[in-house]
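Residue numbers (the UniProt record's numbering), protein chains in the order written: chain A, 1 to 444; chain B, 1 to 312.
Some hints could be false.
Unchecked claim - Here are a few chain B residues that sit away from chain A, every Cβ distance over 12 Å (derived from the structure): (1) LEU85; (2) ARG90; (3) LEU127; (4) LEU215; (5) GLN217; (6) GLY241; (7) PRO242; (8) LYS243; (9) ASP268.
What the hints assert, rightly or not - Here are a few chain B residues that face chain A, going by a calculated C-beta distance under 8 Å: (10) SER23; (11) ALA36; (12) LEU180.
These are calculated hints, taken from the structure and not from any lab test.
All values derive from a computational prediction rather than experimental measurement.
The C-beta atom is built at its ideal place from N, Cα and C for all residues, glycine as well.
Chain by chain, the residues:
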Amino acid sequence: MSTITSEELSATTLLRFATAGSVDDGKSTLVGRLLHDSKSILSDQLEAVERASASRGQEAPDLALLTDGLRAEREQGITIDVAYRYFATPRRRFILADTPGHVQYTRNMVTGASTAELTVILVDARNGVVEQTRRHAAIAALLRVPHVVLAVNKMDLVDYREPVFAAIAEEFTAYASELGVPEVTAIPISALAGDNVVDPSANMDWYGGPTFLEHLETVPVSHDLAHCHARLPVQYVIRPQTAEHPDYRGYAGQIAAGTFRVGEPVTVLPSGRTSTISGIDLLGEPVDVAWTTQSVTVLLADDVDVSRGDLIVPTKDAPATTQDVEATVCHVADQPLTVGHRVLIKHGTRTVKAIVKDIPSRLTLDDLSLHPHPGQLVANDIGRVKIRTAQPLPVDSYADSRRTGSFILIDPADGTTLTAGMVGESFASPEPVKETPDDDGWDF
Amino acid sequence: MTTTVAGTEEGTVSPYALSHLDSLESEAVHIFREVAGEFERPVILFSGGKDSIVMLHLALKAFAPAAVPFSLLHVDTGHNFPEVLEYRDRVVAEHGLRLHVASVQEYIDRGALRERPDGTRNPLQTLPLTEKIQADRFDAVFGGGRRDEEKARAKERVFSLRDEFSQWDPRRQRPELWNLYNGRHAPGEHVRVFPLSNWTELDVWQYIAREGIELPQIYFAHEREVFRRAGMWLTAGEWGGPKDGETVEKRLVRYRTVGDMSCTGAVDSDAVTLDDVIAEIAASRLTERGATRADDKMSEAAMEDRKREGYF
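The shape of chain A in the complex, shown without the other chains (with noise of 0.2 Å):
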């Protein structure tokens, strides 16, 4: 680290990824590995971690306690709850959102995976893919995170052998493939041995691919931008009613997607009015030219009202207003969400009173079938769910727009966030609705 410049360290880009694997796939290891080998971990860390791993009577530092950071969690052996961590590599920066993977924490994989470009998967090179393994595909599908990483760990205890890994590659990819993943990066690794993480492994010269490390450094982080509906949720107004500045009125917002451009025509949602960009500020300076996921402010030619909630769009490009929202969504309260359940819907910078219409099907993770009128959602379970609002909402699809196709509903009684919403089609290819309910115990 000590020999990059500091112009180099500034042009780095930042990458968010998360982590999912069932409790022994040897996912602490792996993270542990990445820091410690990427020179993360410093010495007073490492102290404390042996200082405590040998006041338990272990003999080698457990680097769980690196991120088990609370009380509940190191008494009981477990993680409880989304950490982050940070580390960086001359080439990039990273930051890990590393999730338990107890089936009982899905709400933590979708938190993790909400801000996500990419999702690693661990799997027992013994075991392969297993109920957990699909279960982990099946949320970064949903959640629509870019890039997926399949890391067939443990690759030592199957005497590092080709077939095993090209089994368990081509067999994830299928499945993936099936949930409309649109990319799947398979690397044969031993967290533990050290193999493929951050060094070539001499074990298998047949994989003729990029470690893991290097592969998250090569990632690209942002996509063509050509094709995405541009989107600015406006957060506030600014108004500095100053001598210097008397007329001054800009729109101030994160650009969700897409780019925006001084002289466009646009168009303020859910009124419609339309008028032009004379100016976008990016944080003082003006600029001809912003994108996603700058912070900016937009000047608009013409007196039109606009306040926070609103979305400027291009008018060429301006998606429907609807009263109607039909998303599928991942429960992540401890209440359950019920048809007929009063909420508040955050989308974007607006919220707005909501009624939950219908639950029209729960899906089964285990084999990705829909049980049809669950009645209800309990903690992490995945549904379909029809939302009735009380204003229109510019929705986009999920699919289209990761930022403008989601929403959190609200319990207005106490502020908990109940569920985590995506708007549209699920699945590349979903399953029918089963006919006859599976007596699975979920019906009341």
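Position chain B against the provided structure of chain A, taking the given hints into account.
Frame of chain A, contents of chain B only:
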């Protein structure tokens, strides 16, 4: 669909990719604007340390050319570095801001708080802070906490709900999805907001260098009268050091964090410019808090326990 990708071509960075600093800056600005849009009485915790200075800089950019729509709150331990207080007052005047001060000394003087045997006043900040929040009915309180600082902070949300006693319950946190922050709170409750959650110490320094932000001089190497206590160089002064058996010496040092004099240690350093500091931190094998904070060494869960009570 590919099973193995032969590595993405070198140098094919999209023209639309933001640098990591631009990306962190944009996210922090978004957080400031969300709070301005959704809360009635937000306040920025401002200590004159580098993180709060960066927070203020980001707030200035977020609302330019208008003024920052928040006031500042300093929890004054009474053991401050004079250079930092001077810096604080100058910045407040320069930007026409309003500064609230919650004073630990005042609490001690009227008997509401008692000096600890170890002399550190860091844990004593919690009561004046939380009472000030309640008395002034602040509903959003910006803190400069970063998740890379400490393992309990790694579990902290960007929007963190505190109950009417200002308590943090790590097991009852709201999941944060996409960039849809939930700021709902009942009267008496407030939300702690951490716009620098995803920044590291190095990011903060690189941003300071890029933006040309002025800092108090104690962040750069200078000769200072210090003495050794619990493996750290503490500044000698009326606050309570040195004691018998501790000897003062003049050393070339700088501070990595700025807090209460009684528990914030200096590090040996000859870094006099921002580039020197960045090179030093990039090469350091010690974390910021491990190097310079005595209060975090008290127990494995020291930070978690203080945060539960309302500490920032």
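Structure-based check of all given hints:
no.: 1; hint: LEU85; in the structure: holds (29 Å)
no.: 2; hint: ARG90; in the structure: holds (21 Å)
no.: 3; hint: LEU127; in the structure: holds (22 Å)
no.: 4; hint: LEU215; in the structure: holds (16 Å)
no.: 5; hint: GLN217; in the structure: holds (20 Å)
no.: 6; hint: GLY241; in the structure: holds (23 Å)
no.: 7; hint: PRO242; in the structure: holds (24 Å)
no.: 8; hint: LYS243; in the structure: holds (25 Å)
no.: 9; hint: ASP268; in the structure: holds (16 Å)
no.: 10; hint: SER23; in the structure: holds (5 Å)
no.: 11; hint: ALA36; in the structure: holds (5 Å)
no.: 12; hint: LEU180; in the structure: holds (5 Å)
Every hint, counting from the list given before, is met by this structure.
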